[in-house]
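Using the sequences and the hints given, assemble the complete structure.
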Amino acid sequence: MPDVQTLVNEFLNQLKKRKIEGSQATAKQTAELLRSVISQQRVPHTNQTTALINAVRAVGEQLIAANPVELAVGNIVRRVLHIIREEDLSLATAAMAGLGVSAASDDEDDVERGENSVLSAAVVAAAARSTLRPPSLQTLLEDTSESAAAPHTSSSGGESDGRSRSVEKGSKSRKLKHDVLEAVNELIQDISTCYEQIAEQAVEHIHHNEVILTLGSSNTVLEFLYAAKEKQRSFKVFVAEGAPRYQGHLLAKELAARGLQTTIITDSAVFAMISRVNMVIVGAHAVMANGGVIAPVGLNMVALAAQRHAVPFVVLAGSHKLCPLYPHNPEVLLNELRSPSELLDFGEFSDCMDSASGTGSLHVVNPTFDYVPPKLVSLFITDTGGHNPSYVYRLIADYYSADDLVVKRRPTTGS
Amino acid sequence: MDAPRVTRSSGDHNIRCVGLLASDSSATTIPPSRHSGDRHMISGDFDSSKNPNLVTAIEKKEESLQSSSKPLKAKTTKAERRALQEAQRAAKAAFKGEGSKAVGESDRAAQGKSTKQSSEKKGGPPCASPGDTDMKAGDRSLEKDRKKDAPPPQIQFGSKSQMERARKRGVVNPTESGNGVELFQHLPQYEHRTQLSNLESKFFHNDLVHPAVLEVGLRYSTGDISGGNARCIAMLRAFQDAIRDYCTPHEKVLVRDLTSKINSYVSFFTECRPLSMSMGNAIRFVKSRIVNLPLSHSEFEAKAALCSDIDRFINEKIVLADKVIVQHAFTKVKDGDVLLTYGLSCVVEMTFLYAHELGKQFRVVVVDSRPRLEGQALLRGLVAKGLSCTYIHINAVSYIMHEVTRVLLGASAVFSDGTVYSRVGTSCVAMVAHAFRVPVLICCEAYKFHERVLLDSICSNELGDPDAIARVAGRMDVDYLKNWASEDNLKLLNLMYDATPSDYVSVIVTDYGIVPPTSVPVIVREYLREHLLF
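Chains A and B are the protein sequences, given in the same order. With UniProt numbering, letter number 352 in the first sequence gets 352, and the count goes up by one each step, no holes. With UniProt numbering, letter number 450 in the second sequence gets 450, and the count goes up by one each step, no holes.
Read the hints as simulated data drawn from the structure, not as lab findings. Please note: incorrect hints may appear among the correct ones.
Just a sample of chain A residues kept apart from chain B, beta carbon distances all over 12 Å, derived [as the list claims (entries may be wrong)]:
{"id": "1", "residue": "ASN13"}
{"id": "2", "residue": "SER90"}
{"id": "3", "residue": "GLY98"}
{"id": "4", "residue": "LEU137"}
{"id": "5", "residue": "VAL203"}
{"id": "6", "residue": "LEU222"}
{"id": "7", "residue": "GLN307"}
{"id": "8", "residue": "GLU331"}
{"id": "9", "residue": "GLY360"}
Output of the computed footprint for chain B on chain A, the stretches with three or more beta carbons under 8 Å from beta carbons of chain B [stated by the list, open to error]:
{"id": "10", "segment": "178-185"}
{"id": "11", "segment": "265-271"}
{"id": "12", "segment": "343-354"}
{"id": "13", "segment": "377-390"}
Because the structure is a prediction, the values reported are computed rather than measured. By construction, the Cβ of each residue, glycine as well, lies at the ideal position given by its N, Cα and C atoms.
Next comes the structure, spelled out in structure tokens:
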């Protein structure tokens, strides 16, 4: 697959050089790349799920390593892995149904149906466990020998099926890849339309004569406010400029061009102005599993000010920003330090440093991201609706599998 | 305990029997603050020092005397002055019907009164306080006696009637376009420096402005002098020069004429840049010294006394106070500390250099923000002297706060409810420090304390140049706002100050010691009333 490899290398290059701006663009490109990987992957007749998963894992590991701070990449890789498992599971349950054994019937009464059914039930149960669905009581009470065999069977679920039914295998293999590709296309579609879905909810949250504060620039926020404006809500916006990138200037210009009353303030004036603000609406770089937010630098300060003045702090995030990892020391591990030249001009200070007496030293810190703890966030608005920070962990179960949290290529077990 | 109330009641008593019990009543009332240990001796006329209102009353009386062209009497006792006041009030009430004369008197009285009051307030031209002319002058003095602690309201720039009156006086330049931010329509909008040429021509023509004053005013408007202490000292030096060169014109009294000259200088300064709190308190001091000049002094002696008073003020209230503050703050610096500061405060800089000289090992984090980027000047000074510094932008303050042990901040003023009025962004830094449980120390001289109260940063502030936000110094790539003025819906807001709530402040380091924010009204009441008017 030299074709795919060149694509992968190209994308890796772009990620390493931080050429792609924005999580949406990154997520979309990742998904498209993985789609090509899957479509070009030749799946063996047996064990095809594992083959697909390993292929995606191999590429995903490289992508994540290229830019660990861009969490959207890892999110999409894990989403695709989850899709593969889900599709495999649904195919397996469909096959069970075809055999006359329903997916729900894994109670002991069906034991006499024969080895196939027992194995299939074990497969179903194991698959259920692995996709984070709440296991039924029966599966919990199952034989330990079955549960010992379950991990083995889960990874080679397709294989065991293949052993018993070689006839449907050909069609099944094509079906799996086909289903997976369909689901990945849906994922890409979702990523592209996440702005519209979030913006639809704008009317519920913005009323007349409201004053909104935001910092920096976010496409999601832009679309959100446009949508509210379209629905004839009149409101004012204060935009904090978001130094040292000054993206707030761009956002304010676009909002003003669209007819919204916009005022640009400096970041230092946020506390002064927030007492007259009704709502703070910001975008996020990533949302972590505990409900914490990785946001552009300065937003922790805004969130603290909003808490002090009891102003709702609303975070808009597409579902591709939802990350199943819990943040540990996020200021250091999930942060990037940018060039000091954005803050200080080297030429001006080099003379001062040269003539410095003694042990004078100058250290310039320019972080890109800030961590906002979940207790400061009032509401998440995603394309699936509005959620409390405490609900985020549950959303993760819909999108990700527990096995995929660490994306590492596992040595293949069995054949 | 409440000296003023006692005096008032005895004063009322004396109105019925003028001149009889006057001396007795004035002897029995002693202000409690007299007993507490002071740094300054109280000399001379304690009547006027006890009740600052009386100074106003004296001034007002003088103004009205001028209008009736009576010669100035020798210093009368308080009761006699009170009686005279009442008589004049009655006379004014009688003249109420005649519109012009009453308005003329009240206007002049208002001018005299408001020039004194306005030095207490920030951001409004002192000569025009049209809000006060709505009340009759007599009522106002009564009310002022009653609630002497209530500082006067500011000029409301949003009110059309007030703006009209202010324009008529020629004090306010009506350049406010409709482009100001709505929330701040009550504040003077920023006038571009190009207006300064009009300013010069207007004042220069009338030959009212002493060249030293002109120089200082121009340096204010260009931003050459900035920082509360620097501005105050520059202004006082300019006043000294003006006083030295002053000659009493023919047929005029030194006190009144000099006061009106000072008023005109103050209004010129306000045109260049709205007054800061420190400047306001210093102006009150100068005027009270002028008014309290013994009449026996010749012009030469009076001028010498005034100049030495001003010297003493600068020395005691600013220079020595700074040294004391540095000593106090130094006791709070330990080895291994990481100290954070925001912007450029001269006292904090002095503390760092002093501690470094004495060999304390510590790091400094300098937080800076747009558009003034004052932290860079501080950074230069510190690095040149050999301190290890970290420089961040204010957005990154939550990133760095976990390694900070103490936060030292400066202030432009501290109000009586403990609110700290300082460069915009100070409240953000204090809030984040509070969230991380880092102690916040405000280093502020006591002469910057004020009896006003302030709840938020919107009611009272200063607006800076909006173009300073559009342009980013040193970053040619950031020019998204090249033509921002052409956008109708786009406004730029450049606030200069903000109010930090008192619960974010751990202690205030003053020349009276290290005090909690709740002690500020006590210091204002006990020490500053007398000593500022000393």
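Any hints from earlier that this structure breaks? Give me their numbers in increasing order, please.
7, 8, 9, 10 and 13
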